[in-house]
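S.K.: Residue numbers for the sequence shown follow our numbering, so the first one is 315 and each next one is one higher.
Careful, some of the hints might be misleading.
As the list claims (entries may be wrong) - Label pairs and their calculated CB-CB ranges: (1) Asp593 / Arg397: 14 to 22 Å; (2) Gln370 / Glu435: 26 to 34 Å; (3) Glu360 / Cys818: 31 to 39 Å; (4) Gln370 / Ser816: 17 to 25 Å; (5) Gln370 / Leu676: 49 to 57 Å; (6) Ala775 / Cys818: 26 to 34 Å; (7) Pro762 / Arg785: 22 to 30 Å; (8) Gln679 / Pro762: 35 to 43 Å; (9) Asp494 / Ser419: 29 to 37 Å; (10) Gly333 / Gly809: 18 to 26 Å.
These are computed hints drawn from the structure, not numbers from a lab. By construction, the Cβ of each residue, glycine as well, lies at the ideal position given by its N, Cα and C atoms.
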Amino acid sequence: MRTGLLTEGGYPYASGDAGLWCDRLVRGLGQHEFDLYALSRSRHQEEQGLLPLPPQVTRVRTAPLWTAEGDGGAVGYGRRARRRFTEHYGELAGAVCAAADGSASGAVADRFANALYGLAELAREEGGLGAALRSDLGVRTLERACRAPGAPRTAREARVADLLTVAGHLERALRPLSLDWYGEDALGAADLCHATSGGPAALPGLLARHFCGVPLLVTEYGVHLRAHYLGQGPGAAPAVRALLAAFHGRLATEIYRRAEILTPGNAHARRWQERCGADRARIRTVYPGMAADGFTEAGEAPERADPDTLVWVGRVEPAKDLVSLLHAFAQVRRQEPGARLRIVGSPDGPEGTAYLGHCRALAAQLFPDEAEGAHAVGCNPVSFDEIGSPDAPTLPEVYASGAVVVLSSVVEGFPTGLIEAMFCGRATVSTDAGAVVEVIGGTGLVVPPRNPRALADACVALLRDPERRARLGAAARARALELFTVEQNVAAFHGIYLEIVSHCPVRRDLLDASGAPLPFAAPAESHVPAHWPATPTWALPTTEPAR
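Produce the entire structure from the sequences given, and follow the hints as far as they go.
M.R.: Quick look at the structure:
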């Protein structure tokens with residue numbers, strides 16, 4: 315089977331997101347062929363190069379989403395093409411404005427879809443859309459939709475600067491429409507398109523389905539629409555936020571409607587997809603696969619843990635709420651004076667660096683250096699380390715050093731750090747954020763976010779009860795090995811690939827090199843020389859004999 319793997323800002327780039335997951339999937343499905351179609355996010359990502367690829371990857375094609383295309387000048391179309399562009403882009407903008415107040419209907423979704431595929435067909439015939447979408451004609455078309463009767467107030471209040479911002483964003487998001495990936499020598503030759511996220515990554519799959527009938531599978535371990543909402547800064551104008559949220563909501567709805575199967579990574583992502591109109595019957599939850607081998611030694615030696623140490627591991631950023639964790643640890647110390655806290659992680663960007671400095675200052679204020687005697691050197695019960703330092707050489711050793719692993723986030727997607735702690739057989743205390751409860755499944759303690767007292771009480775309860783820690787740690791390790799390994803992830807996608815291809819119609823005009831039909835070109839029952847009624851005989855109504 316040939317699979318077109320679609321990514322945005324990820325695999326196969328060395329600095330991409332979800333690189334490990336995609337690489338493990340491709341290597342685990344060595345019996346299939348993979349063609350990689352990757353959209354890059356920055357020049358830096360492209361300069362970092364690609365990861366080493368296995369032999370089953372037969373083709374790699376890339377396209378940038380970060381370069382500036384079009385200069386806002388004239389459109390290089392003829393009169394007829396300009397008229398078609400104005401019609402289709404006007405319909406798409408009208409559907410976006412109609413949905414900008416959050417009230418979307420089936421008619422709006424159909425209007426958006428028809429306009430999207432109309433633009434794709436125009437781009438295929440004219441060689442692209444970039445200049446048109448950023449042109450004066452494109453901005454005026456967007457403005458007319460915002461000023462049209464019935465448009466919401468936020469759209470009508472959009473200023474020229476807001477319209478230019480929205481037009482530039484739409485050009486980047488719709489750039490896959492202008493790619494030459496949809497012929498019989500590219501995605502058109504695939505048996506299946508697998509998009510590793512929603513949004514622009516899934517757009518090539520939508521177009522391959524529209525032009526060539528290739529079935530589409532969409533995997534979302536982090537919901538693209540949710541990430542867009544969270545990524546909208548407070549400084550953005552209300553009109554810009556409303557219009558872009560409406561566009562991404564309409565695009566997500568179309569992706570969820572057309573995909574043969576959706577595979578969210580957890581119930582939290584599944585609920586987002588269902589709220590956007592995804593059919594529950596076509597959703598299969600597939601947990602991310604993680605390599606458990608490196609954590610085996612720590613998981614099989616729980617006695618290595620320091621019974622008085624709490625461990626936190628992750629990216630240092632405000633969403634992780636280390637401030638609440640430090641205040642909770644202050645309460646833990648009042649009840650357990652010998653307790654210690656290890657914070658291990660790197661800051662995430664300039665904001666994370668500033669947040670780490672704030673947390674260090676708070677720890678120094680809450681816990682002055684302590685010394686056992688007048689002639690001893692004092693030390694702080696809270697330590698800050700990074701993976702790879704002398705005190706924290708590897709992740710397994712960090713998890714193995716503590717009796718309890720703590721997660722204090724207020725916003726969390728899929729908590730990979732918790733799964734790593736579960737592989738190590740450690741008891742956990744977590745805040746109820748994202749998919750935490752689903753991952754823990756009763757093998758750890760869960761408390762409300764931003765509640766230092768509840769977090770402290772849970773930590774003290776486990777520090778004082780080693781037998782309970784051991785039971786929870788063993789149960790957590792068994793659950794992680796059952797649900798969250800690479801093997802279960804690869805097996806799940808292997809079955810889903812076969813399910814999709816065996817149920818979707820295959821283009822019979824495609825032949826292999828020898829001229830024989832490709833596999834799955836005809837259903838198995840078509841080779842049986844018999845006529846099969848539409849309704850089986852056992853399902854036909856029976857007639858009682860007359861008495």
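S.K.: Could you run down the list of hints and mark each one as holding or not?
M.R.: Going down the list of hints, with the structure as the test:
1. Our hint of 14 to 22 Å for Asp593 and Arg397 is violated, since their Cβ atoms are close to 36 Å apart.
2. A beta carbon spacing of about 33 Å between Gln370 and Glu435 agrees with the range 26 to 34 Å that was offered as a hint.
3. Checked against the hint of 31 to 39 Å, the pair Glu360 and Cys818 passes, with Cβ atoms roughly 34 Å apart.
4. Evaluation of the 17 to 25 Å hint for Gln370 and Ser816 yields a pass: the beta carbon distance comes to about 21 Å.
5. In this structure the hint that Gln370 and Leu676 lie 49 to 57 Å apart at CB holds, the actual value being about 50 Å.
6. Between Ala775 and Cys818 the CB atoms are about 52 Å apart, so this pair departs from the stated range of 26 to 34 Å.
7. With their beta carbons about 24 Å apart, Pro762 and Arg785 fall inside the hinted range of 22 to 30 Å.
8. Between Gln679 and Pro762 the beta carbons are some 25 Å apart, a value that contradicts the proposed interval 35 to 43 Å.
9. Evaluation of the 29 to 37 Å hint for Asp494 and Ser419 yields a pass: the beta carbon distance comes to about 35 Å.
10. Between Gly333 and Gly809 the C-beta distance comes to about 24 Å, which sits within the given range of 18 to 26 Å.
In the structure shown, a violation is registered for the earlier hints numbered 1, 6 and 8, in ascending order.
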